[in-house]
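Undergrad: Here is what each chain is made of, one letter per residue.
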Amino acid sequence: MSGVGLALRLGVDFVAGVVVGVGIGLLLDWWLGSSPAMLIVFFLLGAAAGTFNVFRTASGQGGAVGFKQARDAEKDADGTDGSDKKREGNARDDKRDD
Amino acid sequence: MASPLEQFEIKAIAPIEVGGLDISFTNSSAAMVATLVLGTALLVLGMSRASVVPGRIQSIAEMSYEFIAGLLSDTVGAEGKRYFPFVFTLFMFILIGNLLGLLPYSFTFTSHIIVTFAMAITVFIGVTILGLVKHKMHFFSFFVPPGVPLAMWPLLIPIEIISYLSRPISLSVRLFANMLAGHTLLKVIGGFVFGLGAITFGVGGLLPLALISVLTGLEVVIAFLQAYVFAILTCLYINDALHLH
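For the record, the sequence lines run as chains A and B. The opening position of the first sequence corresponds to residue 1 in the numbering used here, with each subsequent residue numbered one higher. The opening position of the second sequence corresponds to residue 99 in the numbering used here, with each subsequent residue numbered one higher.
Hint data in this document are derived by calculation from the structure and do not stem from the laboratory. The hints are all genuine.
Per label pair, the in silico range of CB-to-CB distance:
(1) B/Val-135 with A/Ser-59: 41 to 47 Å
(2) A/Ser-59 with B/Gly-168: 20 to 26 Å
(3) A/Leu-26 with B/Thr-220: 23 to 29 Å
The C-beta atom is built at its ideal place from N, Cα and C for all residues, glycine as well.
Can you build the whole structure from these sequences, using the hints too?
TA: Right, dumping it as structure tokens:
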């Protein structure tokens, strides 16, 4: 489940970058009448941005879900998914509060 | 047989038209109103007779409060408390909307991209204004990755800006795609129960029926998980705007 969730998250992150890049490219082409130069440039930039997004999510830097937990998990030197750890942590907190 | 996508159709309950604009009260609006009423009732009723040993409704209200308050202090820190009402409202709206959508004959408004996108763009614009107000022009240093040589800036700044602009899209598509796919799958498997059951005197319907029971449980988890992901990403974006790099 968490593996599928991570895969979907990475897929969406990548596609979002490409979509924004292509959107900006098409808009600039329509505005400047330079079709397809801007589309090509911004498609490549968008793909790069998408790859950046994926890299950030996967390596647990800013903008990634539960990145703080992922870093904590690294410190604990266990390879579990950060978000899973987060949920366990909350379950533990809830029990203690009861 | 009914299409598995029929559940996503918008139907006007009370047609209203103002100046050529269709602002009818639809089944989607009805689901949103139900979500608001239920969420408000849950919190108001839960805390109206607040006792030291909480009852069922009170512990749900307290747990959801503590969950989001913990999320904010984990990701943003002490100054995150100020944004608690916003994140909490967003979380409860999505969570209750997702859960209500699982009831038979109800409507899942989070399975419409326009609804999730409206929420995501609100977060995006709000966070951008927050960053601009807090850091003034210094906010734009956010788009310069730290420790990068000057020669790389013309290439990296557009990439960073596109990456920043892609946030509302990935935020909204994630929630929308999960809800759309889950509900379509439920309806398709539900169709198998009838289809296989009708030609095998009910025996063949048992397997898809068992599957749909399991999937409904999974959908409850996803309903919670997606509300959680939306809330935590909002927290992270607020954190980014407040602290930049």
